[in-house]
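Please put together the full structure from these sequences, using the hints given.
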Amino acid sequence: MNTLIKTIEVLGIIAFALTGFYKARKLRMDLIGVYALGMVTALGGGSLRDIILNRHPLFWVQHYEYAILLLALGIVASLVSQELFEKKKLVVFVLALDALGLGSFSASGASLANQLGCHPFISALLGVTTGVFGGVIRDVVCNEIPYVFQRTELYATCSFVGAWSYLLIFRAYGNDVLAAVSCIAITFILRMFALQYKIKLPI
Amino acid sequence: MNTLIKTIEVLGIIAFALTGFYKARKLRMDLIGVYALGMVTALGGGSLRDIILNRHPLFWVQHYEYAILLLALGIVASLVSQELFEKKKLVVFVLALDALGLGSFSASGASLANQLGCHPFISALLGVTTGVFGGVIRDVVCNEIPYVFQRTELYATCSFVGAWSYLLIFRAYGNDVLAAVSCIAITFILRMFALQYKIKLPI
Amino acid sequence: MNTLIKTIEVLGIIAFALTGFYKARKLRMDLIGVYALGMVTALGGGSLRDIILNRHPLFWVQHYEYAILLLALGIVASLVSQELFEKKKLVVFVLALDALGLGSFSASGASLANQLGCHPFISALLGVTTGVFGGVIRDVVCNEIPYVFQRTELYATCSFVGAWSYLLIFRAYGNDVLAAVSCIAITFILRMFALQYKIKLPI
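Protein chains in written order, with our numbering: chain F, 1 to 203; chain G, 1 to 203; chain L, 1 to 203.
Everything labelled a hint here was simulated from the structure, so no lab data went into it.
Any given hint could be a false lead.
Cut-off 20 Å, straight-line C-alpha distance, at most; resulting in silico cross-link-like pairs (DMTMM-like, lysine to aspartate or glutamate) [unchecked claim]: (1) Lys6/F - Asp176/F; (2) Lys6/G - Glu65/G; (3) Lys26/L - Glu144/G; (4) Lys26/L - Glu144/L; (5) Lys6/L - Asp176/L; (6) Lys26/G - Glu144/F; (7) Lys6/F - Glu65/F; (8) Lys26/L - Glu86/L; (9) Lys26/F - Glu144/L.
Everything numeric in this text was worked out from a predicted model, so none of it was measured.
The structure is reproduced here in structure tokens:
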């Protein structure tokens, strides 16, 4: 089960990085830009979580293999044609992986904040922060209004609901793995539904 | 007196948040965007202060009631009409509260840096950072050149003068509350004057 | 030799600040904007390095003379005519100083990360982060796609190569000063070559 969560986290990091690579290619950046944008998207939310919660070393400083993996992927992403990136099937696939990543980051943020004794509302917020801020930084660097703040299909909301489900299930059963799996599942399903049926917030 | 300072801080946080809500509504963001922009504006400067000075937990992680209060206000702000936000009287009122907030954040930044033994110039800078960076982050996220860096009515300058008044009065009398009140008063009066008479920096 | 490295660092900080002053003047900012943009460009990369590596107090909080020096320079930069800033000779001179600064920041980032036991790849990344992120923040604040991510003359690449040269020479000879000097020299020469011959990354 722990291996499952770890696998989902890695898939999520890759999906986040791909969205960064995609934007960078679209803006005609070189390998440095592609790699940098992939890195901030994939690792930005977790870094902010670690800095806010004073956890050192930051997760990617400790797990240096993430940075190396993303460099390898970034080189590949710089070599393939831009059209490949925009293939409908790939987009759907990346959106699904991205939803998994959102769920796993939300769980990790809520879990770590909760362990450090934060109030549940703050823990839920840190789940959302971990899940969405990589993308926020990506969009800000690209000079765009962050996607996640716009009136579009539910994204941060899925993360928020998922983070609360983590906190409630952890409180009820005291089982971190069960809570994380349910957070990932709920975030993922809610996000897929929102995309499929174009569900937006009423306000 | 301490209650007075606390009250002013809360009023300032609310005013800062309102400027974030306003921008978000103008950009037609949904509740997530409204809340997020209110949060970064209201809590961004203090967070940066705490991270620079290595103070943990961050003030809003500890005082979780701020985040909950802002969510409640953000929901209200998402429901009212955009016109209400632009009512002349409300704008003047928010500008006044914002000036109070600027003063109270400047005092808190200068005070905490001073307590930790920073050089007075650095303490004054941290007062300004605490006072203005929430707004800087808000503007950057909204894809605008930060208001506070533009050739417009004195803003950061009021904070800088206020922070120095805190440091000088604290050095002279050793009284934190007196120093904070004078910082708030000086920042507020200077900012109101600058707005009234359109005072700008000569260079 | 240590004095040489320190001198180069100060020259680099000044060069970084000048690029911030220049952008601020171009955007018609007032003294606050000029100073703020100079500060984030000159001190942003080192601050990020210190925050990521949990080094407190931040280098500019401790060495308060940097902030005061930059204020003095910022006032001068606000008073001179915009044309002076764009003089061909000055531009070339600032580009050369900037390359020295890039080298010295790369060395400091790689050195400090290495001392704290980071993996060499992470240490090299932190060298690059220290060298380039001040400029990234400057460009983001100015609402521009960061220069360093664009398909233009090698910049971050020089820093990356320089940081690796630091790490390899330090590993071989155990001499911090020798490693730093070689990092600065290699970064500088590579950057000058890239500018002269318009060398860009192939992908």
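Structure-based check of each hint:
1. Among the hinted pairs, Lys6/F with Asp176/F is consistent with the structure: their alpha-carbon atoms are about 13 Å apart, no more than 20 Å.
2. A distance of roughly 14 Å separates the Cα atoms of Lys6/G and Glu65/G; the hinted pair therefore holds under the 20 Å criterion.
3. Only pairs whose Cα atoms come within 20 Å are accepted, and Lys26/L paired with Glu144/G is accepted, the gap being roughly 15 Å.
4. Our distance criterion of 20 Å between C-alpha atoms is met by Lys26/L and Glu144/L, whose separation comes to about 13 Å.
5. Distance check on the hinted pair: Lys6/L and Asp176/L sit about 13 Å apart at the alpha-carbon level, within 20 Å; holds.
6. Under the criterion of a C-alpha separation no larger than 20 Å, the hint pairing Lys26/G with Glu144/F is consistent with the structure, at around 15 Å.
7. Simply put, Lys6/F and Glu65/F have alpha-carbon atoms about 14 Å apart, close enough for the 20 Å limit, and the pair holds.
8. For the hint pairing Lys26/L with Glu86/L, the CA-to-CA distance comes to about 10 Å; that is within 20 Å, so the pair holds.
9. Using a Cα cut-off of 20 Å, the hinted pair Lys26/F and Glu144/L holds, with the two alpha carbons roughly 15 Å apart.
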